[in-house]
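Novice: Sequence:
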Amino acid sequence: MQTNQEQVQELEFGNPELARELFGPEERNLSLLEKALQVRVHTRGTKAVIAGLDAQNVHSASRFLAQIYELIRSGHRLQPQDIEAGLRLVSHNPQADLGKVFAEQHLVVSPQKTITPRSAVQSDYLQAIRNRELVFGIGPAGTGKTYLAVALAVAHLLEGKMERLILTRPALEAGEKLGFLPGDLAEKINPYLRPLYDALHEMLAFRKVQEMLETGVIEVAPLAFMRGRTLNKAFVILDEAQNTTPEQMKMFLTRIGFGSKAVVTGDITQIDLPSRVLSGLVQAKEILEHIPEIQFIHFTERDVMRHELVGKIVQAYSRHEESKGLA
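For reference, each letter of the sequence shown is one residue, going 0 to 326 in numbering that gives the first Met the number 0.
In short, the hints are calculated from the structure, not lab data.
All figures in this text were calculated on a predicted structure; none of them were measured in a lab.
Take these hints with a grain of salt, some might be off.
[Claimed, not checked] Quick list of in silico lysine to any residue cross-link-like pairs, SDA-like style, CA-CA up to 20 Å:
1) 34 / 15
2) 232 / 284
3) 46 / 10
4) 160 / 34
5) 160 / 133
6) 249 / 291
7) 160 / 218
8) 311 / 31
9) 34 / 55
10) 207 / 270
11) 99 / 62
12) 284 / 274
13) 249 / 231
14) 160 / 232
15) 232 / 204
16) 311 / 278
17) 34 / 83
18) 46 / 15
19) 284 / 270
20) 249 / 290
21) 34 / 301
22) 232 / 215
23) 249 / 207
24) 34 / 24
25) 249 / 278
26) 46 / 20
27) 46 / 62
28) 232 / 218
29) 249 / 215
30) 311 / 62
Turn these sequences into a full structure, and let the hints steer you where they fit.
Specialist: In structure tokens:
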């Protein structure tokens with residue numbers, strides 16, 4: 000609720016080094032805070048003075064800085080994306096517990112890679128994958144559906160919880176057909192699987208990925224190659240599942256074996272199947288959503304963690320589709 004009188008709150012951060020980390024290089028973090036919550040922040044040494052006409056925004060900004068400072072003081076390694084992600088959280092939910100999202104749910108993938116969820120939904124998603132044998136992650140591009148699943152899969156593999164990691168997706172994109180692409184079968188398939196390789200190489204050293212691929216510990220293959228197999232002690236990820244047919248989806252889901260874990264990701268607003276073909280992901284949601292052992296996590300444009308412009312583009316397309324009755 001806005002008033003004509005400016006609201007002011009002052010915070011004191013005792014440790015000068017941690018305060019500098021909180022404020023960011025050239026106080027960049029404070030500039031992001033000012034823009035997100037429409038407040039002004041002035042610093043004097045280790046003090047921050049927050050001012051604004053909206054009392055709720057001033058309170059949210061104060062609470063945000065206090066929470067981030069406590070995270071840093073507790074040993075959390077602040078990443079550049081943490082500030083933007085945290086601001087998204089408090090913008091939509093002023094009572095968001097950043098400590099729970101950032102500190103308790105961090106994921107050590109390997110000695111070189113630590114991943115922290117950037118939204119409450121991402122946190123729920125990681126928790127669901129840890130606790131369930133089958134999880135569906137549905138939502139727009141850039142929300143971390145596949146990236147987080149691959150990260151957790153790699154962690155399970157390195158910890159010995161799983162013997163194999165299998166990444167798969169249907170070889171269908173934007174109406175293209177394999178037969179019209181140049182090269183042999185492997186060369187035709189590779190472009191469809193490239194995003195999965197990219198995710199792997201962010202988690203592990205290139206040489207380590209190559210070694211695991213050569214020994215079969217990691218397998219990246221088109222969905223058609225899953226037919227007739229039973230996958231035991233494997234972490235299996237089906238990406239771009241909106242482009243599966245109902246038959247393909249059923250085939251994939253019935254491959255899950257003992258000691259395995261499966262994650263299915265997709266965006267039901269980006270279906271490239273022929274218009275008369277029902278998406279296997281859409282059908283699976285209708286059929287399986289009420290089975291308690293299976294969890295569906297739904298992402299929205301609020302969870303887009305790519306460049307800020309990507310989130311705005313997703314929102315603009317959503318509004319356009321709704322206005323045209325397409326959503």
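Novice: A separate judgement is required for each hint: does it hold in the structure or not?
Specialist: Hints versus structure:
{"no.": "1", "hint": "34 / 15", "in the structure": "violated, 24 Å"}
{"no.": "2", "hint": "232 / 284", "in the structure": "violated, 25 Å"}
{"no.": "3", "hint": "46 / 10", "in the structure": "holds, 6 Å"}
{"no.": "4", "hint": "160 / 34", "in the structure": "violated, 44 Å"}
{"no.": "5", "hint": "160 / 133", "in the structure": "holds, 16 Å"}
{"no.": "6", "hint": "249 / 291", "in the structure": "holds, 18 Å"}
{"no.": "7", "hint": "160 / 218", "in the structure": "holds, 17 Å"}
{"no.": "8", "hint": "311 / 31", "in the structure": "holds, 17 Å"}
{"no.": "9", "hint": "34 / 55", "in the structure": "holds, 15 Å"}
{"no.": "10", "hint": "207 / 270", "in the structure": "violated, 34 Å"}
{"no.": "11", "hint": "99 / 62", "in the structure": "holds, 14 Å"}
{"no.": "12", "hint": "284 / 274", "in the structure": "holds, 19 Å"}
{"no.": "13", "hint": "249 / 231", "in the structure": "holds, 17 Å"}
{"no.": "14", "hint": "160 / 232", "in the structure": "holds, 8 Å"}
{"no.": "15", "hint": "232 / 204", "in the structure": "violated, 24 Å"}
{"no.": "16", "hint": "311 / 278", "in the structure": "violated, 27 Å"}
{"no.": "17", "hint": "34 / 83", "in the structure": "holds, 11 Å"}
{"no.": "18", "hint": "46 / 15", "in the structure": "holds, 9 Å"}
{"no.": "19", "hint": "284 / 270", "in the structure": "holds, 15 Å"}
{"no.": "20", "hint": "249 / 290", "in the structure": "holds, 15 Å"}
{"no.": "21", "hint": "34 / 301", "in the structure": "holds, 17 Å"}
{"no.": "22", "hint": "232 / 215", "in the structure": "holds, 13 Å"}
{"no.": "23", "hint": "249 / 207", "in the structure": "violated, 33 Å"}
{"no.": "24", "hint": "34 / 24", "in the structure": "holds, 16 Å"}
{"no.": "25", "hint": "249 / 278", "in the structure": "holds, 11 Å"}
{"no.": "26", "hint": "46 / 20", "in the structure": "holds, 13 Å"}
{"no.": "27", "hint": "46 / 62", "in the structure": "holds, 14 Å"}
{"no.": "28", "hint": "232 / 218", "in the structure": "holds, 14 Å"}
{"no.": "29", "hint": "249 / 215", "in the structure": "violated, 25 Å"}
{"no.": "30", "hint": "311 / 62", "in the structure": "violated, 26 Å"}
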